[in-house]
Amino acid sequence: MNLNDIVKEFGLEVKAGSSHLDREVTGGYVSDLLSDVLAHADEGVLWVTLHIHQNIVAVASHKDLAGIILIQGRDPEKDTLIKAEEEGIPIMVSTLSAFELVGRLYKAGIRGA
Amino acid sequence: MALRRIKADLHVHTCLSPCSGLDMSPREVVNAALQKGIDLIGVCDHNSAENVLAVKKAGERNGLMVLGGMEVASSEEAHILVFFDDDDDLLGFQKYVYRHLDGRNDDHAFGLQVIADDEDGVTGFCDRLLIAATSLPAEAIVAAARTAKGESLIIAAHVDREAFSMIGQLGFIPPRLSLDAVEISAHIAVADAQRRFPDCTKYPVITGSDAHHPDDVGKRYTCFTVADGTIAEIRKALAGRDGRKTEC
Chain A
23 MNLNDIVKEF GLEVKAGSSH LDREVTGGYV SDLLSDVLAH ADEGVLWVTL
73 HIHQNIVAVA SHKDLAGIIL IQGRDPEKDT LIKAEEEGIP IMVSTLSAFE
123 LVGRLYKAGI RGA
Chain H
37 MALRRIKADL HVHTCLSPCS GLDMSPREVV NAALQKGIDL IGVCDHNSAE
87 NVLAVKKAGE RNGLMVLGGM EVASSEEAHI LVFFDDDDDL LGFQKYVYRH
137 LDGRNDDHAF GLQVIADDED GVTGFCDRLL IAATSLPAEA IVAAARTAKG
187 ESLIIAAHVD REAFSMIGQL GFIPPRLSLD AVEISAHIAV ADAQRRFPDC
237 TKYPVITGSD AHHPDDVGKR YTCFTVADGT IAEIRKALAG RDGRKTEC
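Top to bottom, those sequences are chains A and H. Residue numbers for the first sequence follow my numbering, beginning at 23 and rising by one. Residue numbers for the second sequence follow my numbering, beginning at 37 and rising by one.
Honestly, the hints are just simulated from the structure, not real lab data. Yeah, the Cβ is synthetic: ideal placement off N, Cα and C, and Gly gets one too. It is possible that some hints are incorrect.
Calculated lysine to aspartate or glutamate pairs in the EDC-like style (CA-CA distance at most 20 Å, straight line) [what the hints assert, rightly or not]:
no., chain 1, residue 1, chain 2, residue 2
1, H, Lys281, H, Glu187
2, H, Lys131, H, Asp121
3, H, Lys93, H, Asp121
4, A, Lys100, H, Glu283
5, H, Lys131, H, Glu96
6, A, Lys85, H, Asp235
Label pairs and their computed distance ranges (CB to CB) [claimed, not checked]:
no., chain 1, residue 1, chain 2, residue 2, range
7, A, His84, H, Gly186, 37 to 47 Å
8, A, Tyr128, H, Gln71, 26 to 36 Å
9, H, Leu127, A, Glu65, 28 to 38 Å
10, H, Ala275, A, Glu108, 26 to 36 Å
11, A, His84, H, Ala275, 27 to 37 Å
12, A, Asp44, H, Gly279, 55 to 65 Å
Generate coordinates for the entire structure from the input sequences, incorporating the hints supplied.
Shown next, in the form of structure tokens:
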């Protein structure tokens with residue numbers, strides 16, 4: 023599945039990086055500790071988090087993640103979106119909780135490491 | 037003015053912090069620090085400064101220097117120590133923090149939040165949910181502190197910890213954040229912290245006890261060579277300016 027498919031399937035709102043949605047997603051990772059994502063997330067995965075701080079973009083860019091989904095309709099900070107556009111990191115928002123969203127992503131075939 | 041080397045534990049809680057022992061009363065905190073040979077403490081309860089003036093008074097009576105501040109939890113749950121020389125600056129900052137802190141404390145779950153006077157009399161209980169995080173991003177907290185009339189001292193707390201630390205929560209210290217220092221917790225050596233966390237080589241490093249019980253006050257401390265215990269002097273010591281220095 024690529025990000026475009028996921029955006030459509032799960033009704034995500036794309037907040038940044040809309041020109042990078044053709045990327046294939048190789049797996050998923052859920053964490054709200056950025057140090058943990060730096061240590062354990064694999065390249066190409068889709069990251070599910072509630073963090074809206076601009077450091078999420080740097081972490082995603084450094085780890086070459088496919089994109090970030092913010093849960094529960096979280097509203098990213100302005101700096102975060104500016105950075106995400108600069109770095110070409112898609113930021114998408116779901117109204118679902120992390121548990122519910124990840125369950126549905128798993129069902130759609132996205133797997134953890 | 038002559039310089040002298042003082043021992044400072046800049047991270048001490050009082051009985052106001054929900055997770056602290058009730059024995060962390062202003063007099064007990066001051067006595068515990070003096071017994072350990074500490075010259076200066078920083079009082080920093082979670083998201084509140086309501087016991088600072090009492091500890092300052094008790095400290096003044098007994099010859100202990102006291103910096104007033106608080107340990108603010110940002111919206112990302114990064115803990116930041118913020119101190120002010122001027123009590124009005126501190127109380128103004130407390131108002132700002134309170135405006136961005138929701139919820140009521142649950143004594144049973146989190147503990148009592150005791151407000152005390154300098155003679156250890158209980159004058160009240162803080163009913164705000166001090167254990168919670170504010171809705172303020174780290175950048176907003178730092179920016180607000182820097183707008184104070186007097187000097188402010190801003191330190192990222194226990195950055196080596198996984199949870200509640202700026203590096204743990206945010207992966208690294210956000211660029212251009214106006215910090216004076218980073219604090220490492222009591223159980224890690226400076227060299228280890230610098231090896232594990234590159235940010236610890238970019239900012240001056242201090243250690244503090246993060247004491248929640250009298251036995252822990254002064255367990256770890258930082259030595260400053262300074263003319264006095266004001267924030268201006270401590271910031272000089274952190275920057276290594278004018279013959280002032282920091283050792284930990």
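Supplied distance hint 37 to 47 Å, evaluated on CB atoms of A:His84 and H:Gly186: This hint holds: roughly 39 Å between Cβ atoms.
A:Glu65 and H:Leu127 - C-beta distance against the hinted 28 to 38 Å: The hint (28 to 38 Å, Cβ to Cβ) is violated, given that H:Leu127 and A:Glu65 are roughly 49 Å apart.
Proposed proximity, H:Asp121 with H:Lys131 (alpha carbon, max 20 Å): Roughly 17 Å separates the two Cα atoms, so the pair holds.
20 Å Cα cutoff - pair H:Lys131, H:Glu96: violated, 25 Å
H:Lys281 paired with H:Glu187 [C-alpha distance capped at 20 Å]: With a Cα-Cα distance of about 18 Å, the restraint between H:Lys281 and H:Glu187 holds, given a limit of 20 Å.
Distance restraint evaluation - H:Ala275, A:Glu108, Cβ atoms, bounds 26 to 36 Å: Holds - the Cβ-Cβ distance for H:Ala275 and A:Glu108, about 32 Å, lies within 26 to 36 Å.
Consistency of beta-carbon spacing, H:Gln71 to A:Tyr128, with hint 26 to 36 Å: violated, 57 Å
Hint consistency between A:Lys85 and H:Asp235 [alpha-carbon to alpha-carbon, up to 20 Å]: holds, 18 Å
Range hint 55 to 65 Å (beta carbons of A:Asp44 and H:Gly279) holds or violated: holds, 60 Å
27 to 37 Å as the expected CB spacing between H:Ala275 and A:His84, which holds or is violated: Holds: the Cβ-Cβ distance is about 30 Å, inside 27 to 37 Å.
Agreement of H:Lys93 and H:Asp121 with the hint, judged by alpha carbon distance not exceeding 20 Å: It holds: about 14 Å lies between the C-alpha atoms, which stays within 20 Å.
Pairwise hint evaluation, H:Glu283 against A:Lys100, where the allowed Cα distance is 20 Å at most: violated, 39 Å
The structure does not agree with the numbered hints 4, 5, 8 and 9 stated previously, though it agrees with the rest.
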